[in-house]
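A.B. asks: Spelled out from the first residue to the last, the chains are:
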Amino acid sequence: MGKYQQKTIMIGGGILFGLLLILAQFKMIDLYVQSVIMFIGVNIIFATSLSIVNGYMGEFSVGHAGFMAVGAYVSSLLSVILFTVDKETGMSILPPSMSIYLFPIIIIVGGIAAGIAGLLVAIPSFKTRDDYLAIITIAVNFIIITALNNMDFVGGSRGYMGMKKVIYGMEGIFKFPYMLFWVITFAIFTVFLIRRFITSTFGKGIIAIKQDEVAAEIMSVDTNHMKLVAFMFSSGLAGISGGLFAHVIGYVNPGSFSILKSTEGLVMVYLAGMGSLSGSVISAILFTILLELLRPLQIFKWVLIPLILIIVMQFRPEGLMGDKELSDYFPKLKKFYKFK
Amino acid sequence: MSLLKITDLTQRFGGLTAVSNLQVDLEEGGLYGLIGPNGAGKTTIFNMVSGFYTPTEGVINFNGTKLNGKKPHSVTALGIGRTFQNIRLWHDMTVLDNIRLSQHYHLGYSVFEPFLRTKNYYKNEKRIEEKSMELLGVFDLQDIAHEFPKNLPYGIQRRVEIARALAAEPKLLLLDEPAAGLSSADVSDLIDHIRWIHDNFDITIWMIEHQMEVIMNLCQYIKVIDFGKTIAEGTPEEIQKNPQVIKAYLGDEGEMYA
Chain D
1 MGKYQQKTIM IGGGILFGLL LILAQFKMID LYVQSVIMFI GVNIIFATSL
51 SIVNGYMGEF SVGHAGFMAV GAYVSSLLSV ILFTVDKETG MSILPPSMSI
101 YLFPIIIIVG GIAAGIAGLL VAIPSFKTRD DYLAIITIAV NFIIITALNN
151 MDFVGGSRGY MGMKKVIYGM EGIFKFPYML FWVITFAIFT VFLIRRFITS
201 TFGKGIIAIK QDEVAAEIMS VDTNHMKLVA FMFSSGLAGI SGGLFAHVIG
251 YVNPGSFSIL KSTEGLVMVY LAGMGSLSGS VISAILFTIL LELLRPLQIF
301 KWVLIPLILI IVMQFRPEGL MGDKELSDYF PKLKKFYKFK
Chain E
1 MSLLKITDLT QRFGGLTAVS NLQVDLEEGG LYGLIGPNGA GKTTIFNMVS
51 GFYTPTEGVI NFNGTKLNGK KPHSVTALGI GRTFQNIRLW HDMTVLDNIR
101 LSQHYHLGYS VFEPFLRTKN YYKNEKRIEE KSMELLGVFD LQDIAHEFPK
151 NLPYGIQRRV EIARALAAEP KLLLLDEPAA GLSSADVSDL IDHIRWIHDN
201 FDITIWMIEH QMEVIMNLCQ YIKVIDFGKT IAEGTPEEIQ KNPQVIKAYL
251 GDEGEMYA
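Chains D and E, in that order, give the protein sequences. No gaps in the numbering here: position 164 of the first sequence is 164 in our numbering, and each next residue is one more. No gaps in the numbering here: position 212 of the second sequence is 212 in our numbering, and each next residue is one more.
Be aware that one or more of the hints could be misleading.
Quick list of in silico lysine to aspartate or glutamate cross-link-like pairs, EDC-like style, CA-CA up to 16 Å [as the list claims (entries may be wrong)]:
(1) K27(D) x E171(D)
(2) K131(E) x E113(E)
(3) K71(E) x E213(D)
(4) K171(E) x E28(E)
(5) K324(D) x D92(E)
(6) K150(E) x E113(E)
(7) K123(E) x E113(E)
(8) K71(E) x D222(D)
(9) K247(E) x E233(E)
(10) K210(D) x D152(D)
(11) K70(E) x D222(D)
(12) K210(D) x E318(D)
(13) K127(D) x D222(D)
(14) K127(D) x D30(D)
(15) K164(D) x D212(D)
(16) K150(E) x D212(D)
(17) K210(D) x D222(D)
(18) K210(D) x D92(E)
Quick look at which bits of chain E chain D covers, simulated, 3 or more residues with Cβ under 8 Å [unchecked claim]:
(19) 67-73
(20) 88-96
A partial selection of chain D residues facing chain E, derived with a Cβ cut-off under 10 Å [said to hold, decoys possible]:
(21) G14
(22) L193
(23) I198
(24) D323
Everything labelled a hint here was simulated from the structure, so no lab data went into it. Each residue gets a CB set at the ideal place from its N, CA and C atoms; glycine is no exception.
Produce the complete structure using the sequences and hints provided.
C.D. replies: In structure tokens:
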């Protein structure tokens with residue numbers, strides 16, 4: 001990938017992104033389409049983060065939405081307490097105008113909290129292997145949801161809101177599609193970070209674990225350490241997607257991070273192919289659009305979507321892309337961007 | 001100077017004693033053999049030395065460091081390389097990546113540097129790649145650097161595996177049945193190859209092998225074990241004549257003709 005092409009893609013991407021923001025700024029794309037684009041962004045972060053553990057490392061984490069919930073609640077609480085006048089938390093601690101600058105930091109703090117939660121889960125669970133990790137992560141998902149349901153200061157099962165006030169506060173100072181901007185920025189940032197991780201000799205250690213853990217250990221890869229790093233990284237990114245999700249909707253309740261949400265993540269990763277970054281991005285886009293198209297079916301879409309998964313597993317067990325990247329199918333793309 | 005010194009090593013799995021009271025003393029620069037019938041406990045010994053099992057009793061001392069209880073990756077970092085009886089390459093990774101990953105213990109950069117892509121990161125990645133390519137060149141494998149091991153013939157896979165074990169710059173190389181599954185032409189290649197590695201890499205080699213052609217041609221000193229116990233040791237000539245070894249391999253003559 002030459003310097004010239006790198007510039008081309010950065011400028012091209014920048015123009016597209018700018019155009020999208022301008023269109024949104026002047027209300028030329030309606031709010032529904034905007035929100036679909038934002039959900040695509042959130043799902044890209046969620047799916048690619050899960051693909052680190054389930055795709056690249058070959059372990060089976062099932063409760064990923066639990067970490068999303070941690071990120072969502074931590075960042076929501078922070079932004080509401082810091083920037084809004086609330087009858088429970090009282091006056092805003094910081095002037096609301098600062099939210100414009102501090103918003104990304106709040107999202108990242110949510111991610112760090114989720115990363116720490118991930119570490120706490122990973123330390124005991126990687127002493128066990130394979131199926132046990134799946135069982136433990138399901139349990140953790142339930143623990144987090146039940147805990148949130150019973151915490152009154154975050155609204156219990158009624159959910160927690162007030163994040164919209166923060167966004168309105170930001171928009172009151174300067175009208176701008178903030179959420180659209182941040183969701184897409186974080187999505188790009190996530191893909192960028194994962195790519196950097198997975199292309200380094202350090203990060204390839206987790207691919208070695210997937211392919212042969214015994215060989216990885218004997219070839220000097222500290223498998224335990226790698227697993228902790230990868231799991232923490234993955235759950236941290238899930239936390240970021242949660243924080244963004246909470247601020248896009250302006251409302252969170254424990255129910256939206258149930259095992260069903262985790263399943264959505266699994267569907268996206270397995271649809272994409274294990275260990276394909278561009279695959280996860282594509283399948284997050286397709287899957288979000290599909291969910292929107294199937295909205296008229298209501299709950300029956302949850303008959304159709306698992307059915308798609310079964311069909312894919314029957315005819316293409318390695319997923320749509322396997323461990324191939326988009327640039328493997330279209331070598332010309334390599335000039336512009338390599339996913340590995 | 002003694003490189004690996006094992007004293008009174010015993011490994012029990014429940015009621016089964018897989019290895020009992022083993023004494024080993026490997027001098028630096030030697031080429032040693034370990035033989036014995038199937039199930040004698042040879043691979044168990046290797047697994048203890050490389051850190052997969054913690055010995056029930058006894059001490060493994062490598063170059064002045066006690067290995068008991070150390071994890072395999074830190075044993076490798078201390079300087080013990082190993083290959084497996086059934087080839088354990090990462091088959092969906094290029095040959096170059098296979099070699100590259102064996103230097104995971106001295107990457108030279110911290111956890112955060114792959115994300116930040118610091119100068120230090122690029123410098124060390126370049127160093128690792130250059131070293132890997134150099135090693136592949138020495139093994140005449142540079143043409144297949146970007147192939148996947150699963151697509152390579154078995155003999156070549158063996159060579160890649162040995163190259164990978166050497167990438168971690170071991171002082172002691174454990175070869176677990178390197179000739180298993182090779183054709184006779186490949187076996188004679190392997191013998192030359194191991195001798196060449198031994199001469200050129202300034203390394204001590206300890207190998208398990210069933211094919212006597214390999215063991216008798218290469219090893220200076222052989223240890224024979226059966227049912228976890230040492231039954232004989234000595235030079236190839238001594239071993240070939242030892243009645244107990246013949247008995248362990250061919251059975252008791254008295255029983256056979258009774």
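A.B. asks: For a C-alpha distance cap of 16 Å, please report whether K123(E) and E113(E) respect it.
C.D. replies: Given that 16 Å is the threshold and the Cα spacing comes to 11 Å, the pair holds.
A.B. asks: Report holds or violated for the interface hint on L193(D), using the least CB-CB distance to chain E and a cut-off of 10 Å.
C.D. replies: L193(D) check passes; min Cβ-Cβ to chain E is 6 Å, inside 10 Å.
A.B. asks: Next pair to validate is K324(D) with D92(E); report whether the Cα-Cα distance is within 16 Å.
C.D. replies: holds (11 Å)
A.B. asks: Holds or violated: K127(D) with D30(D), Cα cutoff 16 Å?
C.D. replies: violated (50 Å)
A.B. asks: Does I198(D) meet its interface restraint, that is, does its C-beta lie within less than 10 Å of any C-beta in chain E?
C.D. replies: holds (9 Å)
A.B. asks: K70(E) and D222(D) were given as a pair; does the straight-line alpha-carbon distance stay at or below 16 Å?
C.D. replies: holds (12 Å)
A.B. asks: Holds or violated: is there a CB of chain E closer than 10 Å to the CB of G14(D)?
C.D. replies: violated (20 Å)
A.B. asks: For K164(D) and D212(D), compute the direct alpha-carbon distance and say whether it is at most 16 Å.
C.D. replies: violated (48 Å)
A.B. asks: Need the status of pair K71(E), E213(D): alpha-carbon distance at most 16 Å?
C.D. replies: This hinted pair holds, its Cα atoms lying about 13 Å apart.
A.B. asks: Would you check the hint for K131(E) and E113(E), treating anything up to 16 Å between C-alpha atoms as holding?
C.D. replies: violated (20 Å)
A.B. asks: Sort out whether D222(D) lies within 16 Å of K71(E), counting only the CA atoms.
C.D. replies: Between K71(E) and D222(D) the Cα gap is close to 9 Å, so the pair holds against 16 Å.
A.B. asks: Against the 16 Å threshold, does the CA-CA distance of K27(D) and E171(D) hold or violate the hint?
C.D. replies: holds (14 Å)
The structure shown violates the earlier hints numbered 2, 6, 10, 14, 15 and 21.
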